[in-house]
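Those protein sequence lines, which keep their order, are chains H and B. Residues in the first sequence are numbered from 2 upward in steps of one, following our numbering. Residues in the second sequence are numbered from 10 upward in steps of one, following our numbering.
Hints were generated in silico from the structure; no laboratory data involved. It should be emphasised that the depicted structure is a prediction, and the values quoted were computed from it without experimental measurement. Errors might be hidden in some of the hints.
Computed beta-carbon distance windows for the label pairs [what the hints assert, rightly or not]: (1) B:L124 / H:H208: 42 to 50 angstroms; (2) B:G123 / H:C130: 33 to 41 angstroms; (3) B:R121 / H:Q121: 42 to 50 angstroms; (4) B:L124 / H:H151: 30 to 38 angstroms.
Partial pick of chain H residues on the chain B-facing surface, computed with a CB cut under 10 angstroms [claimed, not checked]: (5) L17; (6) G40; (7) I90; (8) P110; (9) I207.
Quick reminder that beta carbons are idealized off the backbone N, C-alpha and C, glycines included.
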Amino acid sequence: MALLRTENLTVRFGALTAVDRVSLEVQPGTVHSIIGPNGAGKTTFFNAITGEIRPTSGRVLFLDRDITNLTVYQRAQLGIGRSFQRTNIFPNLTVFENVWLASFARIHPSSLPHPMPRHQLAEVKDRVCEVLTEVGLADRANHRAAELSHGDQRLLEVAIALGLSPKLLMLDEPTAGLSPEETRRMIWLIKELAKRYTILLIEHKIHLVMEVSNLISVMHFGQLIAQGPPEEIQRNPAVQEAYLGRR
Amino acid sequence: MGHAKVAKLRPQLGPIIPWVLLGVVVLILPDLMRTTVATEVWIFAILALAFNLLLGYTGLLSFGQATFFGAGAYTAGLLLIHQRVHPLVALAAAALAGGLVAALVGYLCIRRVGLYFIMLTFAFNLMAYFIVYQASSITGGVDGLPGVPRPPVNLQVISWDIRPGVSYYLFVSLIFLACALALKRVVDSPLGLVLQAIRENEARAAALGYNTSAFKRLAFVISGAFSGLAGALYGMLFGIVPIDTIYWVTSGNVVFMTLIGGTSSFFGPVIGAIFFIWLAETISVRWERWPLLFGLVFVLVIFFFRGGFVEVWRRLQALLPRPGRKLEPDRGPTKD
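Required output: the full structure, derived from the provided sequences and hints.
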């Protein structure tokens, strides 16, 4: 059974069809990457899966349940955790608090007003420490998120998604704007995460995609033009054309 | 060894210090101003703290806090006049009324954001005012609701007469401290951090699985309940519920005192309330145009100390050299 399935998912903005009848399956335990030139509709596709954008038509199924009409927070509660292409954190809260919010949401999903003081929730705190250690931000736990370097903010972005312990981890260009050294750190992290999470990844850095993915889907002008394992995609003439243009 | 001990003690003592200071201020305030004014200070301190749960923590500028303050004041006033209820029952009813009105107003207002949200809270405030204005056979209309009694606080074992000004001051101070503790508990609970997350980045909070609308409504209800309670104390203080309690100027005053005190810390609004009421009640006796002075202070705060009095304090602290403070290794400028 596929963890996530989209059926003819379509998103239209006026005359522009950003996502055009995309049907795709994410198998549990795999790293599934979506690549494509700028403006191919990858992020819009992500947003339609997480609920930030309502699709014009088509369906999204998570664990065989139709979630097309659920809100963003309902989908998150089902186990979809994501990072954003443009850093999307809580700037005036500490690094610790940023991840704490995610972990709390996971561990106490339905408890709206939880009566305990925050510092007494040991289970949440342990999870936060675990995540911060894993991404390598433990020594900056008490910094304001806004004070972090761009590279560290990208790591925090991923850490927040990990705090959710999601069934499906969706990473939207985690290496965007990173220096070569920071990129290496992020690649290492993604490889580690690939051992434990089902990942849907948008990425521009082709060598990273080739290295970590089990399956690659290629988007071009909103449409899925190819899909297959990395070696096959590399040889695919349609993919080369989409990337290099026909001149 | 000695050093380690000090370091261990500090974090435990830290949270208590503001409460001790607050207790001291409660005790000396009646020596600095008339008892009635000192009582008013703590009433508005409750209101400002409740308001800051919306503004400082959740990032919602409610320009209609007087709606809840007034709802509480009239509810308690009517119950005390016609039913002669126990003062604590009156307070509870006022909190309930404030919370209910806030639930309705919040439910409708949070559907919009930014300026539209602010204008909606303002519009509901005006509507509430005109309802009270029109229903003069019940509320006394523009003349206010007179004859609010202050019956003794009967606690089975003892009965506390709160009619004398000093006794009522003590009563209000105790209620204030209880409210402050309760609100501190709220902001220290997970809810407090979730509200801050909504203020910082609502979309991201939703992506974590938080029903942000529900949390905003809850913030409104809590804020409204404490505001209503403050309103009840206000009516009991003067023996009358003036229509000003539900007038928009009162909403504006709460915004002012909270901004002047500082929205970024829990106790900031209390400092703002002390300063505002003191200025309003002492200077206004001598100088009719006191709002000019207040306006000047407000302008200075907005221009130079956006964080209010709390920021003045922080900057003074930063000026003092602190021994033993390790410098962070320079990580270079952050790229944004």
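Interface hint for P110 (chain H), Cβ within 10 angstroms of any Cβ on chain B: Given a least distance of 6 angstroms, the restraint on P110 (chain H) holds.
Can you tell me whether the CB distance of L124 (chain B) to H208 (chain H) sits inside 42 to 50 angstroms? holds, 48 angstroms
When the least beta-carbon distance from G40 (chain H) to chain B is tested against 10 angstroms, hint result: violated, 22 angstroms
Can you verify the interface hint for I207 (chain H): is its Cβ closer than 10 angstroms to any Cβ in chain B? violated, 24 angstroms
CB of G123 (chain B) to CB of C130 (chain H), is that within 33 to 41 angstroms? holds, 37 angstroms
Given I90 (chain H) as an interface hint, is its Cβ closer than 10 angstroms to any Cβ of chain B? Hint holds; I90 (chain H) Cβ to chain B Cβ min 7 angstroms, cut 10 angstroms.
If you check the beta carbons of L124 (chain B) and H151 (chain H), does the distance land in 30 to 38 angstroms? holds, 32 angstroms
Just to be careful: measuring from the Cβ of L17 (chain H) to every Cβ in chain B, is the smallest value less than 10 angstroms? Given a least distance of 22 angstroms, the restraint on L17 (chain H) is violated.
Verify the CB-CB distance for R121 (chain B) and Q121 (chain H) against the hinted window 42 to 50 angstroms. For Q121 (chain H) against R121 (chain B), whose Cβ atoms are near 37 angstroms apart, the range 42 to 50 angstroms is violated.
Checked against the numbered hints listed earlier, the structure breaks hints 3, 5, 6, 9; every other hint is satisfied.
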